[in-house]
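Asker: Spelled out, the chains give:
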Amino acid sequence: MTALDDLMRRLLFLPEARSTFAVPVDRLHFFVITVTMIASTITGLMAFFFFFKYRERRPKQSTPVVVPSMRFEFVVIGVPLFFFLLWFVQGFKDYVWYTTPPKNATDVYVMAKKWMWKFSYGGDGPNAIGTLHVPANRPVRLLMTSRDVIHSFFVPDFRIKQDVLPGRYTETWFEATKPGRYQILCSQYCGTWHSQMWGEIVVMPGPEYDQWIIEQRRGLAARVDTGGDDGPSFHGSIVEYGKKIAMDQGCVKCHSLDGEPHIGPTWLDLYGKQETLENGETVTVDEAYLTDSMIDPRGKIVKGFKAVMPTYKGRLAAPEAAALVEFIKSLRTQNLDTVPSKEAIYEPVKPAPRR
Amino acid sequence: MSSSETHAPNPHLAHHFETIEKQDYAVRLGMWLFLGTEVLLFAGLFLGYSVYRHFYHEAFHEASRHLDLWAGATNTVVLITSSLTVALAYHAIKKGQTKRCAGLLIFTILCAFAFLVIKGIEYHHKFQEGALPGQWYHYAEVTAPGANLYYTVYFLATGLHAFHVIVGMSILIWILSRVLRGHFSPTYYVPVELGGLYWHLVDLVWIFLFPLLYLI
Amino acid sequence: MAHETPETPPSQIQQHEHGTGRYFLVWAILLCFTAITVITGRTDLGSANLPIALLIATVKATLVVLFFMHMTEAPGANRLVFVVSLVFSIVLLVGVFGDLWTRHPMSLPPTAPTQESFDR
Amino acid sequence: MSQSNQLHDDSPPVYPAVNYLNADRGVWSWLTTIDHKRIGIMYLVSVMIAFLLGGIFAMALRVELLTPGPTIMGANTYNRMFTLHGVVMIFLFMIPAIPGVFGNFLLPLMLGAKDVAFPKLNLLSLYLYWTGATIALCGMIMGGTDTGWTFYAPYSTSTPMTLFPVLLGIFILGFSSIVTGLNFIVTIHTLRAPGMGWMRLQLFVWAIYATSIIQVLATPVIGLTVLLVGIEKVGGFGLFDPTRGGDPVLFQHMFWFYSHPAVYIMVLPAMGVVSDAIAAFARKNVFGYKMIAYSSLGIAFVGFFAWGHHMFVSGQSSFNDGAFAVISMLVGVFTAIKVFNWVATLYRGAIAVKTPLIYICGFLFFIVFGGMTGIAVATVSLDVHWHDTYFVIAHFHFIMVGAVIMAFLIALHYWFPKMFGRMYHEGWGMVAASLIVLGFNATFIPQFLLGNAGMPRRYYMYPERYQALNVASTAGASLLAFGFIIILIYLIYALVRGKVAGDNPWNSRGYEWMTTSPPPKHNFDHPVIIDRDSHDYQEPGEEVEHVVI
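From first to last, the protein sequence lines are chains A, B, C and D.
The numbers in the numbering used here rise by one with no breaks, and the one at position 93 of the first sequence is 93.
For the numbering used here, count along the second sequence from 1 and bump the result up by 1000.
For the numbering used here, count along the third sequence from 1 and bump the result up by 2000.
For the numbering used here, count along the fourth sequence from 1 and bump the result up by 3000.
Some hints here could point you the wrong way.
[Unchecked claim] Below, a list of computed lysine to any residue pairs in the SDA-like style, where the Cα atoms sit at most 20 angstroms apart:
| no. | chain 1 | residue 1 | chain 2 | residue 2 |
| --- | --- | --- | --- | --- |
| 1 | B | K1094 | C | P2075 |
| 2 | B | K1095 | B | G1182 |
| 3 | A | K60 | D | P3013 |
| 4 | B | K1094 | B | L1180 |
| 5 | B | K1094 | B | I1106 |
| 6 | A | K93 | C | R2103 |
| 7 | B | K1099 | B | P1191 |
| 8 | B | K1094 | C | Y2023 |
| 9 | B | K1094 | C | H2070 |
| 10 | A | K60 | D | L3297 |
| 11 | A | K60 | D | Q3538 |
| 12 | B | K1119 | B | E1129 |
[To be verified] Derived Cβ-Cβ restraints for the label pairs, each shown as a range:
| no. | chain 1 | residue 1 | chain 2 | residue 2 | range |
| --- | --- | --- | --- | --- | --- |
| 13 | A | L86 | C | L2055 | 36 to 46 angstroms |
| 14 | B | S1185 | C | L2045 | 46 to 56 angstroms |
| 15 | D | T3077 | C | S2047 | 28 to 38 angstroms |
| 16 | A | E281 | D | A3475 | 51 to 61 angstroms |
| 17 | D | A3475 | C | L2054 | 56 to 66 angstroms |
| 18 | B | W1174 | C | T2072 | 24 to 34 angstroms |
| 19 | C | S2047 | A | M37 | 52 to 62 angstroms |
| 20 | B | Q1097 | C | V2087 | 51 to 61 angstroms |
| 21 | D | T3067 | A | V89 | 40 to 50 angstroms |
| 22 | B | I1166 | C | V2087 | 28 to 38 angstroms |
| 23 | D | Y3294 | B | I1166 | 36 to 46 angstroms |
| 24 | C | L2086 | D | Y3294 | 55 to 65 angstroms |
| 25 | C | I2090 | B | I1171 | 54 to 64 angstroms |
[As the list claims (entries may be wrong)] Coverage of chain A stretches by chain D, computed from C-beta distances (three or more under 8 angstroms per stretch; other residues unrestricted):
| no. | region |
| --- | --- |
| 26 | 47-57 |
| 27 | 75-84 |
| 28 | 207-216 |
Don't read these hints as lab results, they were simulated from the structure.
For every residue, glycine included, the Cβ atom is placed at its ideal position computed from N, Cα and C.
Construct the complete structure from the given sequences, taking the supplied hints into account.
Answerer: Structural data, given as structure tokens:
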């Protein structure tokens, strides 16, 4: 059975099932899709076969009047209805199970925002951007809200998805079955970089996770999770290279690319701009200022922003810094209309107490 | 073709209909279908009203108390009366009483105008108070969450309705001009009937809007 | 609908004659109902306010449709069209409210009624 | 008129000297015409242009997706491009395509009428279509609309791009659609020729009737919805804006209340075309006429109760999810009934394998596969994974392209001689048809697999593991495009140089073939009296063999 499942999974290009919910979903999926393929192929082939079997043999050939019997009508209505309802019953049963998180689930709060995922573990637990650490074989409930538009939290390996709405909470839950790293994708269109709104779930064995969370609480590992692994060396233009670094280093988690101020100033049209600093001075944003700001971010803070950026001294090689500068330089308003950018006004609502 | 040869030629009969009765039947059916689309159009707004009333019950209740009940009630009476007169106008033209029909239509149009004037005064007050939709809302009297949505729904619903009043009024003026030019007779009065139907629909919508917005 | 054919001359239905009296009668009833709805609307009847107002509005609307709009004399197809449009308006409302009434309370806007206020 | 004479007429075909095409001359006579046939032809030209535009946008998207990173355009351009593709294909092509072109041209012919009930309204609907199309297209291209054709709030109300023109355009297009639907309903009620009871209507007419009901009932709601979004975008009314207490899910309810039935506005006429064409090419009485006719109405009706299956992961309640899911299954049953009947109509027919038959074969496969994957995505637990992925894209393209465009091509080939009195080249027709059916499979089957693998829709860049399937899909799309180019060429050639077809080249028994091809200005030169059923292929006096299966 599992061998057959695995064969079907490979044929259908499904990722491996890595959550408790994925297993029944895949079973039903295989059943439904097999019936679908059989039915549609038979229909197509039957039509094709009739074209030859009953082709016109002489002009204006006469044909019999074929009428359906009661039995035929019963079959054509009954058989599809039987299958459809069977699928519905099984599907809805699984779905209800999926929409009812177990009481003992670990809660993680998820905040979506153009174009990043932010996770916080409640209480004095850690916050993380882009990467969600969860224990294997324990249910985890996600309470999700959005700061701007509708996003959708999608983990293909877990077969779960839930829209994340601004102004209210939605929830979903899963129980990962195997330690590993799984991709989070945003599947509800949310603007320019919708297709880059990725994150990662790191599933750890239970004890390791407990250790991790304790460490996090102690603040020992107060580092920014960067998400994504360091791939092989990059081949492409310097701007693309800069972009990759910006993604890998998590720059874009604080600096938006679309003109909207975030934790840091936006990179759109940043290069060449006159910025007023905290101390009232003005500075022209050029290569020197940009490079300085990566190495000594707290030296010249643009007015209206907090000095929260960590130094990237030692974390960026010179060519990487240069690539980043080139990437920033490439971000000009030509594709985007200039509009007064506004900060999202919505603050997360207070979650309702657990029932 | 054959039908127009055998029947007495009727200038109002289109070439593709056999008889004027069939054509009238078609036109009436078309009108009712159109009224059906209007019902669905307003259904969307009533849905918006119901949903936000469900969410923000308190705010809707409170805000409805800050509308001018007497303006609303007067407008209801005005519209119901205009509905009566347009029905009477239809009755008159069927009997061939052209002058009576014209007089009733003029009265109906005046009612429509009166409705718009009263509505305009109400709008003016709301603009002054700052009881405006969505982001423009700055009315100090009602501060419950959702009050801005009440005024959003209020302005959208009454605005769309007022637009229908204007359209209805224009149609009635056009029909009046045709009545005065003697286009209609006891054998041909369908446009008067259709104009009347449209006007009744305008009344119908208001019959629901009035209690929902002003009273509860 | 399917069995209604234009062969039955629809025009005959229009021949039915009556005086203007019934229009005035309907008008008077409508005005009465308007007065009633204003009075009941502004008295606090608790949760009964909404159903009463809707009931009165429905009665008024029915009168307008039946007599002012001559639905009583209209052929079947026209009646059907109008009724169907009302039915689908209700379908729209029911579909959405089926969702609102059963939605997870956290998925409603923050100031929306909570589970407790439903139970009350 | 006696149909049997026509069937036994063996004299060489003649092109009618005076017909609707040359009865009046000059551009002005076309622009001011109230002849339903000319309006149909103008619709044909308009929707073909829209289809060409939408197709170019689609090809641009497919080329962009050849590589995981940027290929030929920027992210914003891509987002605008898929919005353009969606809006143009749905509102400018799919919805008016079959009703606007073939409904207009054929409905009065099939009813034995001289015109539709309200010819001037009919022309108005075409002008509204042109106005709406121009406003929507200009608005999208100049304003850079990037919301997708679904306009989900609050993204649509907060995007910096211009949105109002396209919404206004759609509002006007909605009006056009309503006017067409209203006109058709009244026409079918009042203008049937003597002897034509409801059970003698052709199945295409039944399908158009059901479609029109949806158009009239559902379109006002989308009109209002896009208007509300437009007002909110311009005026900040806050109706769908959560920062002001609005509910974005309400938008989705209102949007899908139209947009789900809109699927049936597109697919019902397609089913009608296939019902008629199958009977004509199999020379056989339609199997289960009543079942097909009533299932059209059934789909139109039940289609209104299924909109919530687009919202399973939107935060809608589980109760609603279940209710909408189970109703969606019923739509599947109605479609299944039709499919069984079509296949059974072929059984023991005398099938003339012509170009439309290739499409019919493709159509049958596509509608079963597309329909049943529709059932699959309506199966709630499965939809969680598939929602907003390429699986859904592939599913609805199987219906929209696989069923509707196949049917559009069936209609175009089947009724081309009716419309223009000339014949296209059969060989090239077959080649193009085979290319299109194959190319279609090659384009969209990989997309099902992409969806399984988890690639979300509207993705400009994607993880590298999805590249192989994307390349396969793009390759298939170019095959598809190639097929369409062939069709365009041989049809234009046939228009000018094609063989004269004769009045009834297929020996079809459809009522529309009872007049000359192309028909005269007022459709029939003789009074029409119907004395037989619409798909009655028995010769008078012929021994009828009855078979019960």
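Asker: Next step is simple, just say for each hint if it's right about the structure.
Answerer: Hints, one by one, checked against the model:
1. For the hint linking K1094(B) to P2075(C), the alpha-carbon distance of about 19 angstroms falls within 20 angstroms, and the restraint holds.
2. This hinted pair checks out: K1095(B) and G1182(B) have alpha carbons roughly 14 angstroms apart, not beyond 20 angstroms.
3. The suggested pairing of K60(A) with P3013(D) holds, with an alpha-carbon distance near 17 angstroms, which does not exceed 20 angstroms.
4. Among the hinted pairs, K1094(B) with L1180(B) is consistent with the structure: their alpha-carbon atoms are about 15 angstroms apart, no more than 20 angstroms.
5. Distance restraint check for K1094(B) and I1106(B): the Cα-Cα separation of roughly 17 angstroms lies within the 20 angstroms cut-off, and the hinted pair is therefore satisfied.
6. Of the pairs offered as hints, the one joining K93(A) and R2103(C) holds, with about 18 angstroms between alpha carbons and a cut-off of 20 angstroms not exceeded.
7. The straight-line distance between the Cα atoms of K1099(B) and P1191(B) is roughly 17 angstroms, inside the 20 angstroms bound, and the hint therefore holds.
8. A distance of roughly 15 angstroms separates the Cα atoms of K1094(B) and Y2023(C); the hinted pair therefore holds under the 20 angstroms criterion.
9. Taking the CA atoms of K1094(B) and H2070(C), the gap is about 14 angstroms. The hint holds against a cut of 20 angstroms.
10. About 33 angstroms separates the Cα atoms of K60(A) and L3297(D), which puts this hinted pair outside 20 angstroms; it is violated.
11. Pair hint K60(A) plus Q3538(D) holds up; C-alpha atoms about 10 angstroms apart against a cutoff of 20 angstroms.
12. Under the criterion of a C-alpha separation no larger than 20 angstroms, the hint pairing K1119(B) with E1129(B) is consistent with the structure, at around 15 angstroms.
13. For the pair L86(A) and L2055(C), the beta carbons lie near 44 angstroms from each other, so the given range of 36 to 46 angstroms is met.
14. Under the hint 46 to 56 angstroms, the C-beta atoms of S1185(B) and L2045(C), about 52 angstroms apart, fit the expected range.
15. At about 55 angstroms, the CB distance of T3077(D) to S2047(C) disagrees with the hint of 28 to 38 angstroms.
16. The supplied range of 51 to 61 angstroms is met by E281(A) and A3475(D), whose beta-carbon atoms lie about 57 angstroms from each other.
17. At about 60 angstroms, the beta-carbon gap between A3475(D) and L2054(C) stays in the expected band of 56 to 66 angstroms.
18. As the Cβ distance of W1174(B) to T2072(C) is approximately 28 angstroms, the hint placing it in 24 to 34 angstroms holds.
19. Range check, S2047(C) to M37(A): Cβ separation about 54 angstroms, and the 52 to 62 angstroms hint holds.
20. Evaluation of the 51 to 61 angstroms hint for Q1097(B) and V2087(C) yields a failure: the beta carbon distance comes to about 38 angstroms.
21. A C-beta distance of roughly 43 angstroms is found between T3067(D) and V89(A), which places it inside the suggested range of 40 to 50 angstroms.
22. Range check, I1166(B) to V2087(C): Cβ separation about 29 angstroms, and the 28 to 38 angstroms hint holds.
23. Between Y3294(D) and I1166(B) the beta carbons are some 43 angstroms apart, a value that agrees with the proposed interval 36 to 46 angstroms.
24. Between L2086(C) and Y3294(D) the C-beta distance comes to about 23 angstroms, which lies outside the given range of 55 to 65 angstroms.
25. The hinted window of 54 to 64 angstroms between I2090(C) and I1171(B) is violated, with their beta carbons roughly 28 angstroms apart.
26. For the region 47-57 of chain A, the stated coverage by chain D is satisfied: 8 residues place a CB nearer than 8 angstroms to a CB of that chain, which reaches the threshold of 3.
27. Look at the region 75-84 of chain A against chain D: 5 of its residues bring a Cβ nearer than 8 angstroms to a Cβ of that chain, three or more, so the hint holds.
28. Only when three residues or more bring their CB closer than 8 angstroms to a CB of chain D does the claim for the region 207-216 of chain A stand; here the count is 0, and the claim is violated.
In the structure shown, a violation is registered for the earlier hints numbered 10, 15, 20, 24, 25 and 28, in ascending order.
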